[in-house]
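Number of protein chains: 2
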Amino acid sequence: METPVVRNLLENNDAGAAQLRALFTQHGVVVLNIIGSPGAGKTALLERTFRDLGGTFSMAVIEGDPQTDNDARRIVAAGGKAVQINTGGGCHLDAALVRKALDGLDLAALDLLFIENVGNLVCPVEFDCGEDCKVALLSVPEGDDKPEKYPLLFNLAAVMVLNKIDLLPHTDFSLERATRSAGRLNGNLVTLPLSCRSGEGLDGWYDFLRRLRKNKTAGTRAPAGS
Amino acid sequence: METPVVRNLLENNDAGAAQLRALFTQHGVVVLNIIGSPGAGKTALLERTFRDLGGTFSMAVIEGDPQTDNDARRIVAAGGKAVQINTGGGCHLDAALVRKALDGLDLAALDLLFIENVGNLVCPVEFDCGEDCKVALLSVPEGDDKPEKYPLLFNLAAVMVLNKIDLLPHTDFSLERATRSAGRLNGNLVTLPLSCRSGEGLDGWYDFLRRLRKNKTAGTRAPAGS
Numbered sequence: 001m002e003t004p005v006v007r008n009l010l011e012n013n014d015a016g017a018a019q020l021r022a023l024f025t026q027h028g029v030v031v032l033n034i035i036g037s038p039g040a041g042k043t044a045l046l047e048r049t050f051r052d053l054g055g056t057f058s059m060a061v062i063e064g065d066p067q068t069d070n071d072a073r074r075i076v077a078a079g080g081k082a083v084q085i086n087t088g089g090g091c092h093l094d095a096a097l098v099r100k101a102l103d104g105l106d107l108a109a110l111d112l113l114f115i116e117n118v119g120n121l122v123c124p125v126e127f128d129c130g131e132d133c134k135v136a137l138l139s140v141p142e143g144d145d146k147p148e149k150y151p152l153l154f155n156l157a158a159v160m161v162l163n164k165i166d167l168l169p170h171t172d173f174s175l176e177r178a179t180r181s182a183g184r185l186n187g188n189l190v191t192l193p194l195s196c197r198s199g200e201g202l203d204g205w206y207d208f209l210r211r212l213r214k215n216k217t218a219g220t221r222a223p224a225g226s
Numbered sequence: 227m228e229t230p231v232v233r234n235l236l237e238n239n240d241a242g243a244a245q246l247r248a249l250f251t252q253h254g255v256v257v258l259n260i261i262g263s264p265g266a267g268k269t270a271l272l273e274r275t276f277r278d279l280g281g282t283f284s285m286a287v288i289e290g291d292p293q294t295d296n297d298a299r300r301i302v303a304a305g306g307k308a309v310q311i312n313t314g315g316g317c318h319l320d321a322a323l324v325r326k327a328l329d330g331l332d333l334a335a336l337d338l339l340f341i342e343n344v345g346n347l348v349c350p351v352e353f354d355c356g357e358d359c360k361v362a363l364l365s366v367p368e369g370d371d372k373p374e375k376y377p378l379l380f381n382l383a384a385v386m387v388l389n390k391i392d393l394l395p396h397t398d399f400s401l402e403r404a405t406r407s408a409g410r411l412n413g414n415l416v417t418l419p420l421s422c423r424s425g426e427g428l429d430g431w432y433d434f435l436r437r438l439r440k441n442k443t444a445g446t447r448a449p450a451g452s
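Going down the list, the sequences are from chains S and L. Note that this note's numbering numbers the first sequence so that position 54 is 54, with each residue one more than the last. Note that this note's numbering numbers the second sequence so that position 26 is 252, with each residue one more than the last.
Hints are not guaranteed to be accurate.
[Said to hold, decoys possible] The calculated label-pair distances, taken between Cβ atoms and stated as ranges, are:
(1) L:R299 with S:D14: 33 to 39 Å
(2) S:D103 with L:Q252: 51 to 57 Å
(3) L:G281 with S:A15: 57 to 63 Å
(4) S:F57 with L:G280: 19 to 25 Å
Worth flagging that the hints you see were computed from the coordinates, not collected in a lab. For glycine and all other residues, C-beta sits at the position ideal for the given N, C-alpha and C.
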């Protein structure tokens, strides 16, 4: 990421992200950029969120996927609204791609907008999409060493969702190690252990979303780390 | 990946990879490029391989990691030889990085060289590192839809290692769906279900390595898909 070409790319993206952020603020919509490995449970978390909070909030998802529209179809099956971006093999979303996806959405009608990024702990972190906050989604089977290995994500995220805690008894994952090393990177990081499969811990995630929404409508800033 | 800059980058990389491939052939070393998500078990597979085949083959690992040398230290603790490449946040290895890492290795003394790529199912696939074959390492908790979502990897790999089969009873993963959809992308793909944790299925992986080694010393080509 050190070449001049890449630097220009990131600067252009930052300008596009600032425009998006202004647009989101103007419409009072809270935007979360969800970043995690392939299979960490990004779509599963959104499916649960749409099923459980669909009556409370007006929500939509921008789905980034290198190839298929499988995830968008899962969101629609859960009663949600999804706009698909196929990156054609590309490894992250950026402000320009998100901007294009907005054509399919009525921002004024939304309370919450989720950006489900491409499954990847490196590239998506570098590209601001105008979000209020980044969500680092880590799953138990990936191992408790991931905050150390991918520090930028955990440094910039407002929240670390620890999914698949139903698998804790079958792995060597230490909640304490993951939380401690992520906390060293980011003292303001909120940690939310949960299981999209069993439903355990989802209330904490829903409370987090309600707080974000409340802060936004009250005109206060999104949580630190955003 | 469609801009002229990226195209030039890939063409330059292909030239570097061709030089590496000639060098590896000259020294008769079999090179495997291991690609998988963060936490899929790339290092765990190599730890087991060094423990179990360390007396049979002379082996080394080039470790790609965005930040830490944790994985290299795990390989050394398993009795292996590891050369660390920190990509400084970069999302994949390329031929130039692998070339630099060779300074730390005596190729003539090696039977097998593993390249442990950065945890990522997208970017590493595009950058040939002169390997004999790519190993697609997928783990059960990631879900059986990954071959469909990341087709290029499964299309180009010679083998799909399905790790963490000890977690099959605790997930919805269908071995049949994963194998079928990967097989549609690549009719020659070898599928090896195993668990680095329990040891189940590792013999199949070791047989695969022995066959690769035998073919290389016999001067025949590496398996299809390489």
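Query raised in the report: When you take the CB atoms of S:F57 and L:G280, is the distance between them in 19 to 25 Å?
Result: violated, 56 Å
Query - 57 to 63 Å as the expected CB spacing between S:A15 and L:G281, which holds or is violated - result: holds, 58 Å
Report task. Could you check the hint for me, namely that S:D103 and L:Q252 are 51 to 57 Å apart, CB to CB? Result -> holds, 55 Å
Query raised in the report: Is the hinted range of 33 to 39 Å satisfied by the C-beta distance from L:R299 to S:D14?
Result: holds, 36 Å
In this structure, the one hint that does not hold is number 4.
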